[in-house]
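Those protein sequence lines, which keep their order, are chains A and B. In terms of our numbering, the first sequence is numbered consecutively and its last residue is 93. In terms of our numbering, the second sequence is numbered consecutively and its last residue is 1392.
I should point out that these hints are in silico values taken from the structure, not numbers from a laboratory. Heads up, none of these hints are tricks.
Dumping the calculated DSS-like pairs for lysine-lysine here, alpha-carbon to alpha-carbon at most 25 Å: (1) LYS1273/B x LYS1096/B; (2) LYS1200/B x LYS83/A; (3) LYS83/A x LYS1240/B; (4) LYS1090/B x LYS1123/B; (5) LYS1240/B x LYS72/A; (6) LYS53/A x LYS1240/B; (7) LYS1099/B x LYS1130/B; (8) LYS1273/B x LYS1200/B; (9) LYS1361/B x LYS1012/B; (10) LYS4/A x LYS1326/B; (11) LYS1348/B x LYS1259/B; (12) LYS1210/B x LYS1200/B; (13) LYS53/A x LYS83/A; (14) LYS1332/B x LYS4/A; (15) LYS1096/B x LYS1014/B; (16) LYS1210/B x LYS1273/B; (17) LYS69/A x LYS1240/B; (18) LYS1348/B x LYS32/A; (19) LYS4/A x LYS1240/B; (20) LYS1348/B x LYS4/A; (21) LYS72/A x LYS53/A; (22) LYS1348/B x LYS26/A.
Quantities reported herein were computed from a predicted structural model and do not represent experimental measurements.
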Amino acid sequence: MRNKFLIMDQTDNCATCLVAISRGDKLDVNGKIIEIINIIPVGHKFALNNIKKGEIIRKYGKIIGIATKDIKTGEWIHIHNIKSHYLEVSKHG
Amino acid sequence: MVEEFMGFERPKGKVGIRNKIMILSSVVCVNHVAQEISKKVDNSIAITHPLGCGQFAVDFANIQRTLSGLGTNPNIYGVVIVGLGCENMKSDALAKIIKRSKKPVEFFDVQDIQGGTIAAIDKGIKIGKKMASDATELKREPFDFSNLILGLECGGSNSLSGITANPVVGLVSDKVVELGGTSILPEFTEWIGTEQILMKRAVNEKVAQKIGNLISKFLENTMKLGVDFRGIQPTPGNIKGGLSTIEEKSLGTISKAGKAPIQGIVDYSKSPKGKGLWLMIEPSLDVESMTGLAAAGAQAIIMTTGQGSPTGNPVCPVIKMCGDPKTCDWMKCNIDIDASRIITENIKIEDVGQVLWNRLKNTCNGELTAAEILGFEDIAIWRHMAFPFSLT
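Excised from the complex, chain A in its bound form (with noise of 0.2 Å):
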């Protein structure tokens, strides 16, 4: 059986696909079950649980990032909904 979505962390509120993901499907993670929201394609991330404007994106258990919208459970998650956190608080330039 394929293998649809990796969780890096324990502490992580976002996985990522293995393998494209339709609207309304449900997952099965960890005996929560998750709607997904939007299409996922493989590779891309989507929420774990609601995520606040603000709010830090967790994956590896570290921070890849800081929603720039409310996010919901199931929601795909990339570039028009978080941003660099790195780059918020680098000190260079």
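Chain A is fixed; fit chain B onto it per the hints.
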């Protein structure tokens, strides 16, 4: 159970996993001579390059350190250095440096031989054949993994590399470090965005500062050239593949280095001063990177790929692992380990880690990698100091 591999004992406590003869060209003008000698000497490799004359100062020192480092690598039984005579990368100077390793080293210059390059090729073949014959007397013996230096490389990556193949390498790197060995992570331009994380993993404040300074200096200086590295990552291709931010991309890269503490940073092609995980200053071209790792003394390299890179190294076996199902199928002949089974067969990252660990042990014991079988043996030397000043 003690984890061991069967390697070749070298002088001064070093251990090789290959037992090759190196025919080293000191200057581009005699590359052909080195290649012709190598064709006739069993188990030999020719190291050729477009350099060896006209380089100076720090650039020269960097090239000399890299060429002599390749010869010093414990995978090499002995070295035959071919010079021309009038170049500034002197064959005798290279020989003197490599001889510090106490391995067999011979050298000669073509201009010192009556009969030109034809006679020089004959002379080199005679010396090389004798060395190759001596090398066969050496047998493999068991050694523990504290003797291993592992290089961590990735190239032709895609958005699956950072979540499949790279974390698998991280597990194996941690295992080598746990067993008292060494691993080296090059490619600093792909650490940008994760320097705070790397600094926290440093064994002391001095090492942490070095990591921070390296990235700051690089960003400041490239900004003076009109390039903002933070602004060009992730690339449009990365974004299409699903990477949203520079730190997400870099986290995927550094996941090859597992979770071990960082002992220090070494310059390009310089050997780490101790065991454990080390970083190397090298900016991210796979072939330059692997040349630097081999010159630093790495006996084996694990390289992950997503889109499919066939590259290898003449001194180090390069184990190629791929996390992309299509690439694993289309480029099967170039891939040693199919990590895409994480996707297609729902296999755990830890289980592929075990497969990679077994493959690394087998490679150390002598099993050939795809890149070795197919003959990918290029080197390239990173020349960051070639002309460190303006001419206009």
